[in-house]
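Go ahead and model the full structure; you've got the sequences and the hints to work with.
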Amino acid sequence: MSTQSVVEHHLKALADGDLEAVMDDYADDCVFMSNDNKLEGAAIRGMFAQAVANGGFAVDLKNAAYHDNVGYITWSVPGMIDLGTDTFIVENDKIVLQTAAMAMAPR
Numbered sequence: 001m002s003t004q005s006v007v008e009h010h011l012k013a014l015a016d017g018d019l020e021a022v023m024d025d026y027a028d029d030c031v032f033m034s035n036d037n038k039l040e041g042a043a044i045r046g047m048f049a050q051a052v053a054n055g056g057f058a059v060d061l062k063n064a065a066y067h068d069n070v071g072y073i074t075w076s077v078p079g080m081i082d083l084g085t086d087t088f089i090v091e092n093d094k095i096v097l098q099t100a101a102m103a104m105a106p107r
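Heads up, the sequence shown is in the numbering used here, so the first residue is 1 and it goes up one at a time.
Hints may contain errors.
[Said to hold, decoys possible] Below, in silico cross-link-like pairs of lysine-lysine (BS3-like), each with a Cα-Cα straight-line distance of 30 Å or less:
no.	residue 1	residue 2
1	K62	K12
2	K94	K62
3	K94	K38
4	K62	K38
5	K94	K12
6	K38	K12
[Said to hold, decoys possible] Listed next, with one range per pair, are the computed distances between beta-carbon atoms:
no.	residue 1	residue 2	range
7	D29	A105	27 to 37 Å
8	D29	G79	12 to 22 Å
9	R107	M1	35 to 45 Å
10	A49	A27	12 to 22 Å
11	S2	R107	31 to 41 Å
12	D29	P78	25 to 35 Å
13	R107	D24	28 to 38 Å
14	M80	K38	36 to 46 Å
15	D29	R107	31 to 41 Å
If you are wondering where the hints come from, they were derived from the structure by calculation, not from laboratory data. Positions of the beta carbon are idealized from the N, C-alpha and C atoms, including for glycine.
Listed below in structure tokens is the structure:
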């Protein structure tokens with residue numbers, strides 16, 4: 001499976017609101033970094049459980065770039081997130097490191 005395939009599966013799982021499929025994309029020892037947060041293991045599951053608690057959400061993918069085991073995407077969620085960026089490091093078909101940044105839409 002390619003890095004691109006893993007990222008595309010991840011986005012589809014989020015759109016479907018399928019927490020188990022989302023978590024299947026992550027290695028057991030994955031690290032997720034965003035702002036001043038570093039999440040691992042159960043904390044990653046908890047974050048995504050909250051994110052899909054009311055069903056899935058479709059990410060409007062703006063750009064994607066892939067090189068070997070690295071993926072970088074820019075995206076939005078209309079009405080919620082004006083701009084998001086993620087970097088994924090994938091090894092053995094699992095995300096081992098992810099960074100994320102988001103600019104929330106004004107309320």
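Now for the hints, and whether the structure bears them out:
1. The straight-line distance between the Cα atoms of K62 and K12 is roughly 15 Å, inside the 30 Å bound, and the hint therefore holds.
2. Between the alpha carbons of K94 and K62 the distance comes to roughly 23 Å, so the proposed pair stays at or under 30 Å and holds.
3. Of the supplied pair hints, the one linking K94 and K38 holds, its CA atoms being roughly 18 Å apart against a limit of 30 Å.
4. A C-alpha spacing of about 25 Å is found between K62 and K38, which places the hinted pair at or below 30 Å, so the restraint holds.
5. With a CA separation close to 15 Å, the supplied pair K94 and K12 stays within the 30 Å bound.
6. Between K38 and K12 the alpha-carbon distance is near 24 Å, which keeps this suggested pair within the 30 Å criterion.
7. Distance hint for D29 and A105: a CB-CB separation of about 33 Å, consistent with the stated range 27 to 37 Å.
8. At roughly 35 Å, the beta-carbon separation of D29 and G79 lies outside the given 12 to 22 Å, and the hint is violated.
9. The given range of 35 to 45 Å is respected by R107 and M1, whose C-beta atoms sit roughly 39 Å from each other.
10. Taken as a hint, the range 12 to 22 Å holds for the pair A49 and A27, whose Cβ atoms sit roughly 18 Å apart.
11. The given range of 31 to 41 Å is respected by S2 and R107, whose C-beta atoms sit roughly 38 Å from each other.
12. Evaluation of the 25 to 35 Å hint for D29 and P78 yields a pass: the beta carbon distance comes to about 34 Å.
13. Under the hint 28 to 38 Å, the C-beta atoms of R107 and D24, about 33 Å apart, fit the expected range.
14. At roughly 24 Å, the beta carbons of M80 and K38 sit outside the given window of 36 to 46 Å.
15. A C-beta distance of roughly 36 Å is found between D29 and R107, which places it inside the suggested range of 31 to 41 Å.
In summary, the structure is inconsistent with hints 8, 14 from the numbered list given earlier, while agreeing with the others.
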